[in-house]
Every structure is written in C-alpha cells, then in structure tokens.
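2 protein chains.
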Amino acid sequence: MVYFDAASTAPLHPVARQALLAALDEGWADPSRLYREGRRARMLLDAARETAAEAVGCRADEVVFTSSGTRAVHTGIAGALAGRRRAGRHLVVSAVEHSSVLHAAEAHEAADGGDVTRIAVDRSGRVAADDYRSALRGDTALACLQSANHEVGTVQPVAEVAEVCRAAGVPLLVDAAQSLGWEPVGGDWSLVAASAHKWGGPAGVGLLAVRKGVRFAAPAPADEREHGRAPGFENLPAIVAAAASLRAVREEAVAERARLTALVDRIRARVPELVPDVEVVGDPVRRLPHLVTFSCLYVDGEALLTELDRAGFAVSSGSSCTSSTLTPSHVLRAMGALSEGNVRVSLPRGASEADVDRFLDVLPGVVRRVREQLGAPAAAEPEVTDEESGLVIDTLGKRCPIPVIELAKVIADVPVGGLVTVVSDDEAARLDIPAWCEMRDQEYVGERDAVHWEHLPPEAAGVAYTVRRRT
Amino acid sequence: MVYFDAASTAPLHPVARQALLAALDEGWADPSRLYREGRRARMLLDAARETAAEAVGCRADEVVFTSSGTRAVHTGIAGALAGRRRAGRHLVVSAVEHSSVLHAAEAHEAADGGDVTRIAVDRSGRVAADDYRSALRGDTALACLQSANHEVGTVQPVAEVAEVCRAAGVPLLVDAAQSLGWEPVGGDWSLVAASAHKWGGPAGVGLLAVRKGVRFAAPAPADEREHGRAPGFENLPAIVAAAASLRAVREEAVAERARLTALVDRIRARVPELVPDVEVVGDPVRRLPHLVTFSCLYVDGEALLTELDRAGFAVSSGSSCTSSTLTPSHVLRAMGALSEGNVRVSLPRGASEADVDRFLDVLPGVVRRVREQLGAPAAAEPEVTDEESGLVIDTLGKRCPIPVIELAKVIADVPVGGLVTVVSDDEAARLDIPAWCEMRDQEYVGERDAVHWEHLPPEAAGVAYTVRRRT
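Chains as they are written, first to last, in the UniProt record's numbering: chain R, 1 to 471; chain V, 1 to 471.
By construction, these hints were calculated from the structure, which means they are not laboratory data.
Being a predicted model, the structure only gives us computed values, none of them experimental.
Glycine included, every Cβ here is placed at the ideal spot set by N, Cα and C.
A few of these clues could be false.
[Claimed, not checked] Restraint ranges, calculated between C-beta atoms of paired labels, are given here:
#1 Ala22(R) x Asp112(V): 43 to 49 Å
#2 Glu26(V) x Gln18(R): 16 to 22 Å
#3 Val445(V) x Asp115(R): 32 to 38 Å
[Claimed, not checked] Beyond 12 Å from chain V on every Cβ pair, some chain R residues (computed):
#4 Arg36
#5 Glu50
#6 Arg71
#7 Leu102
#8 Ala107
#9 Ala230
#10 Asp309
#11 Leu374
#12 Tyr444
[Said to hold, decoys possible] Take a look, some chain V residues computed to stay more than 10 Å from chain R by CB distance:
#13 Asp5
#14 Ser8
#15 Arg17
#16 Ala29
#17 Glu37
#18 Glu106
#19 Ala107
#20 Ser195
#21 Gly204
#22 Arg266
#23 Asp309
#24 Arg399
#25 Arg448
#26 Ala461
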C-alpha cells in the first residue's frame, strides 16, 4: 500500500518512535511530584517545551502542549476571545479554515453576543490581506488564519495579515497544522496552534503558543497543568516524541521540501495530460510542498477512492460522497471549485518518485473505469421541456456526479443560446453545476425551487439549476 | 527507587506497552478514512471500545475515549448539565471529589444560574446516601460521586446514592478513576468517567460512558469524532493500549486485590506502632486495596517526602507544603483530619512485601529526623499574654507544622482550663490546630481576626486560634 494521505496524518517519524519508547521508560511519572521520577519527568517536559518553542520561534513559557491540534485551536480561540471580551465579541476567520476553527467560530456565534465574519477566498483558495483589513472593527476580539490550506495546499499571506491585525490592535491566531513541520510561521502572529501527528509525531499532542502580552483567559474548568491552559495529566511520552520529531523533520525540511515540490509539480502537470476533464485546484506556486488536489468531472469521489485503494493507493477526497457528513468540502465550495471526483494527494516525507510515477500510471485507467460505471445510469428519467427552463432533466434521488453527467450528455442537444435545467436534490449540485459551467465555458443562469413544478411528482423537493448553452 | 505513588499514575502495564507498540504499526492511520489503513484503524478502535465497554459493564456505543480522565470528567459534567438544562441548574457533588470534578463545579457555579451543593463527609471521608437524598431538588440536573477517594482510599456508597438519584430522576456521574482497574462501578449509574494511566494504561486516554437515555449535550465546539463527544484526532495507539491493559488488570484483580489489601493492612497497623503522634486516616475496611494515608504531627510534609525520596521511596502527600497551590488538601479538610506531615502510600500492582517492610523500617527514622530539624525553630517569638486569649504565641510568617509544634510545646505550661492562642498566617493552621486538639483531647475554642492586636506588629494579618487546655 502506498500512503499518499500525509495531510490527514503523517506516519510516525522514526525519531518520534524512538523518543516515545525512551520516554515510556524515563518519563512516565507525574511531573508535578517531588520525588526523583517526578523530577525527571519534569525535566523531560521542560526540555520538550524548549525544543518546541525553538521550532515555533517563541519563548518556552509561551508554549503549552494540548491533547490535539483541534484542542489547541479550540482553546486558543476561546482563550483569546475571553481575554479580549472587553474589546468586543467579533471574530474574523477565513472561509477555508480547518473545521476545528470553523466549529469554534460556530460555537462563538451561538454564544451570547458572538459575531463572526468569514473572509472569502479567490479561486486558488487564498485570502487577501485587504479583506482582513476591511473586516476588522473596533469590537474585533480576534482574527484567525491558517498558514496553508489543508485541502488544496494554498499558502496564505500570514505575515501580511498579521501586519494588518497588528496595526488594528487585533491578535491573530494562526492554525499552522499543515506547515509547522516545514517552517516556522512568519510574521508578527499572536497565537499559533498545531498538531504533532501532522508532522510525524504521535497522536494525542497539540501545541498552542500564546505570545506574552496577548490577553488570554483559558476556558474553565482549568487546573494547574500546562500553565492552566490544558487541564489533565500531561501525556509526557507523546509530548517528548512530538518535540523530538518536530526537530527532526525541520532538520530534513530543506532537502525534502525541494524533492516533494518537484514530485507534486509532476503530478500537477501530468494529471491534466493523462486524464480528460480534470481541474487541478489550489495555487500552483504558493503552496505546500507535498500536497495537490484535483477534481475529475463525471466521477463519484467515493468510487474513485475505492478503486485507488484497490490499486494500492491511499488518498483522500473533499468530495461530498466520501465525508461522513455528506456535504461537499467547504473549502472547494468557498473557492468555487468543482467538488465532484475530488482527490487529494499528500505525500509523506520519503515518498518515492517510483510510487508517484506508478500513481500516474494507474490513475487514468481508474478514472476511466469509474466513469464507465457511472456513464450509463440504469433508468434515465424522461426529459421534458418547459417554456421558462428549456429542456428539463430530472435527477431527483441521484447522487453526484449523476446530475452533472446528465447535463453534459444533453448539452449538445440544446441550441446555442437555449436553456437546460437540471433538477437535483443533491446539495453538491449547487457547487458542481456552476463549476462545470465555468470549466466548459457555459453560462450558469441560476437556481430556483422546484417543489411545485406540475410535471414533476408532488414529493419532488429538489432545486432547479438552469444553464444557457454558450458554445 | 521504590514507587509507592500508583494513585498519581500507575507504571505502564506490560500489556499496555505491547499493545501500544503493535498499534503504532497497525493503528496509526485516520479511522475515518476509507482506504485499507483507515479501515484497519477503525476496526482497532471499535475493538478497543468493545473491550472497554465490557470492563465498564455497558454497551460499546455508550463509551467514548477522551484525551484524559480530567477531560472525561469535564465533558461528562458539562454535557449532562447542558442536556438537563430544562430540569434546572443545580449540581450536587461530594466535598471530597477529585479536583477535576470540583473545578467543573466551580465553572458551573460561575456560569449563568449555576448552583452547587457540596455534600459533607464523615471523619473517614465517606458520604451518606441520606445526605444526597436531602440535597436533591426539583431543579437538580446532575449529581456526582467518586467511586473511591483518591487521597484516603475510602470507598463511597455509590450503589446506594445511585438508587437515591434514580428515585429522584437525577442522573449520577461516577468518577471511577481510582477503582475502574479493580472492578466495574456498582449500582444504577448514569455516567462513568475514568483515566487509563491510573490502571496501567498510557497517559492521554480517558473514558466517558453515558448510558443510553441519559440526556446529554456535548459541550461545543465538537466534531464528528467519538460520537461528537471528544473532538480531535483519535489517539488510537494509546486507546488500544488503554483497553488492552484494562482487560489485563481486571484479569489479575482478584489475586492482586487480596495481596495488596494485606500489605496495606500491615502498613495501617504498623505505622501507629512505629511512629508516635500519627493519625491513619480513611475508612479501614471500606477502602481501595492499595492505598493508605497517614498524617504525622509536628512534621513538614515536604521535608518528609524529600527524606523518603532520599531513602529511595516515592510517595505523595496532601499536605499544604507540597502541592503547588500551597493550600491544604481539600479532602483532609473536609474530613477534619490533620493535614500536616501527610503521606499517601499507594502500592502499584506487583508491589513487593519486602519493599513494604523496608518502608516500615525506614519511616520511623525519617519522621524522627524531620521532627528534630523542625523541633527547635531558630528564633522563637516572645510569648505574651492577653486577658481574653491567655498565652499568645506569634507564629506569623511560619509555615506548617511550626504553629502546631509551638502549640504543643507550650500546652504543658497552660493551667488546666486556661487558654492558649496561636496567631498564624498559614492557611493550614485552620485545619491542623483543631485536628491537633481532637488528637490530643484538648478543647478548640475558635478563631478570630488578629489584625488589630496591639501587642502584635501592625503588619500582622494572621488569624488567632484559641485552645483551652482540657487535660
């Protein structure tokens, strides 16, 4: 099995494993105890904190270890919001943050007086510093921006946004989960959150750095552990392993960055040559070294992943059809990118050129097979026409990518300037039909409710998406 | 070094270590992914949940893994309170709960409309079910009771209290951190919280069981992991190790319980014979198998621990002088037990009879040496007398156990029926002077503010504790 899903979790780095085993022997005791084992545990914890702080580029007493990156984000956001409660209750986040940030923002919105502004991104998934400038207000307590996007790899202008925030007197929290293994966060940030298992450390360790001078009130209940910012017995062996592996991956970062960047460039260049109807998404240059995402028209993401798994490749997808919530990736949606047939390839350190080439060999056949399976839906609904909507295709009850496949099938039958309407009850169609129009240079007219159309069955509760044939 | 502090954290069980290593290889991937590594991780997680549920005595889908026992307690309490918000905002806890429970109660008290009743304990540290019955009200949302006390080992009447709660329609959360490695929680509980590193599992894993039918609303922000009750990437290798070691310690429990119970009985019997002026606290029979606590008059807890550490023994203390917060143990305070010179011995599984005997050999000399060191304070303040207070001893600026040592030194000079007053600014004196009176059969008269006494320096801000000589 070739593992190309490092952005979900990186395989344990050999240094992490070694450090973990050593710390299981040396660092199992309670570091708050006064006897020898306790003091030794405390020394290991202090040393791990020094190492992590050096990698982050801050003081050791600014770093605490949490139980996960998610917990670091939740605590960082809640603590900064509470610390600046007097300034106001306004929070600014980008629309493409990791779900942990967006969940924290939703929780804030649901709480007393919480107000959230979500910053839009361009088609590459990147925010503009000016949009942050416009969003900051007198009552803004905190702004959040990821260092780089976890789904499409686009690197964000963190240093610029930090400057904007600094000028407005607003702290900036940077979710550096995807990038901290590669480099420190640049710019004048106030808080940084990260996750050890993303850089080859063990699961169960997050990192939260809060610069001195940033007002911070840790969410209750708290205890005396980790400066009162991460309650519960310290997961010391894992913390030691996390710090050791962070140092190790940083030492390897320059060489590995160059190597993986070149491999990803190869994937970015070859996939559109090898597979028809593919959109490679995300910024081609300002990106993470190891990550690339592309979407394949007329393909079901889950089927694609299953076929790739059979062929021996582990990859991930932001398609609606693979996540447990059955909603399309909020990142792809915010970018206006196609969500169907989405594949994220994220190379782990040490990924071989041979494996990448084999992936490129296998991919075209896999996509073709899945397209063939989906290309002929068993029972196509009869097409009807309607004055206002032109040709109407009923795809109710059909999951993505069927609505787009049906649309693509009939577009040639529509006269140039004429309309075609797809009725669908799959939420992904809202994203994928406009994205298909953009890729195919067709005009997306808009959507409207399809509940009361007389030529559709009364239980129909879909949405009608209308397209005008341009070419 | 002989480790007698298993109640702080148990050494890693060999089965846990073995399972951890295996799961680092087999269970490192994201269990929510569809490829082979992800599916394998999911299977390991499901199996661990089954194993843990069997040990708890509940259904697998009632169990989630958290990042620590503290987190399990915090989430359990917050979730149950939120789930029963309509019932009311009243929370009942015992006065001797673990700090994680008390911190959660304080956070609830500080929140909108939160109201907390703390149930007192008897001198053995045990609550009465009737006191819970009296405390439950129409607006009680939740009651909490530990299965056994972590400082003195007293086992609580959980089944009885559960029955009382059930009759009142109030869910009962049981903090089973100290006992789950020995046995399931008895009675008709609603929620159970526990911590893997207390039973020989790794750090970084807690367990929260919520019975079906218990109203529960997990605190926000949440995500899709662990039924929405424990956000963040699952710490899978540690979870697998936690479940495996729970099963392993349960298999050994009957034999080990008998062995450790006998060793603790030996300590309980021998310590008062070997060391003068000692109070062994906690219930002698209804207790944890492996834990015993005693307090030595006229001894500084920190000094005692340091000497025992030098002699090769790692033990813990609830004395004011050893905790980082410098306040006396809330457990000993609630029991009305002496806090000075407090030592908690908690035997790990496999603790040897020879080590226990060596501890009993070493202890008397250690206590004697510490008492000698403290017995002659360098500069005793002049004693004065006062009409209302009798002999007055100024111990301002002196830490425990000096105030009690000074009291003990002069009591013989006080006529029977006469008064002696100790002025102290150490919070521990509030607990230790009444406890000393009880042990020495003297009458504790009471306390009052000592700020404005003319014969004391103006900066004095202590409290005056007055004692009447009875014998």
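A quick look at each hint next to the structure:
At roughly 47 Å, the beta-carbon separation of Ala22(R) and Asp112(V) lies within the given 43 to 49 Å, and the hint holds. In this structure the hint that Glu26(V) and Gln18(R) lie 16 to 22 Å apart at CB holds, the actual value being about 19 Å. Between Val445(V) and Asp115(R) the Cβ separation comes to about 58 Å, which falls outside the hinted range of 32 to 38 Å. The claim that Arg36(R) lies off the interface is violated: its Cβ sits roughly 6 Å from the closest Cβ of chain V, which falls inside the 12 Å cut-off.
The non-interface label for Glu50(R) is consistent with chain V: the shortest C-beta to C-beta separation is roughly 20 Å, beyond 12 Å. Distance check on Arg71(R): its Cβ comes as close as 5 Å (rounded) to a Cβ of chain V, failing to clear the 12 Å threshold; non-interface status is violated. Remark: the non-interface label on Leu102(R) conflicts with the geometry, its nearest Cβ contact in chain V lying 9 Å away (cut-off 12 Å). Not every Cβ of chain V is farther than 12 Å from the Cβ of Ala107(R); the closest lies at roughly 4 Å, contradicting the non-interface assignment.
The beta carbon of Ala230(R) sits about 9 Å from the closest Cβ of chain V, which is not more than 12 Å, so the claim that it is off the interface is violated. With a cut of 12 Å on Cβ distances, Asp309(R) falls inside the contact zone with chain V, its closest approach being about 4 Å. Distance to chain V confirms Leu374(R) as a non-interface residue, since its nearest Cβ pair spans about 18 Å, more than 12 Å. Chain V leaves Tyr444(R) outside its interface by the beta-carbon criterion, the shortest separation being 31 Å against a cut-off of 12 Å.
With a least beta-carbon separation of about 7 Å from chain R, Asp5(V) fails to lie farther than 10 Å from that chain, contradicting its non-interface assignment. Non-interface call for Ser8(V) relative to chain R: violated, since the shortest CB-CB distance, roughly 4 Å, does not exceed 10 Å. Its closest Cβ contact with chain R, about 7 Å, brings Arg17(V) to no more than 10 Å, contrary to its assignment away from the interface. Residue-level check failed: Ala29(V) sits 6 Å from the nearest beta carbon of chain R, not beyond 10 Å.
With a minimum CB-CB distance of about 6 Å to chain R, Glu37(V) fails to clear the 10 Å threshold, and the non-interface call is violated. With 10 Å as the threshold on Cβ separation, the claim that Glu106(V) sits away from chain R is violated: the shortest Cβ distance comes to roughly 7 Å. Separation of Ala107(V) from chain R is inadequate, the least Cβ-Cβ distance of about 4 Å not exceeding the 10 Å criterion. The Cβ of Ser195(V) sits about 7 Å from the closest Cβ of chain R, inside the 10 Å cut-off, so the non-interface label is violated.
Its closest Cβ contact with chain R, about 4 Å, brings Gly204(V) to no more than 10 Å, contrary to its assignment away from the interface. The beta carbon of Arg266(V) sits about 22 Å from the closest Cβ of chain R, which is more than 10 Å, so the claim that it is off the interface holds. A beta-carbon of chain R is positioned within 10 Å of the beta-carbon of Asp309(V); the least distance is around 4 Å. Taking the minimum C-beta to C-beta distance to chain R, about 16 Å, the non-interface status of Arg399(V) holds against the 10 Å cut.
Chain R leaves Arg448(V) outside its interface by the beta-carbon criterion, the shortest separation being 32 Å against a cut-off of 10 Å. At roughly 25 Å, the least C-beta separation between Ala461(V) and chain R is larger than 10 Å, which holds for a residue marked as non-interface.
Hint compliance for this structure: hints 3, 4, 6, 7, 8, 9, 10, 13, 14, 15, 16, 17, 18, 19, 20, 21, 23 are not met, and every other hint is.
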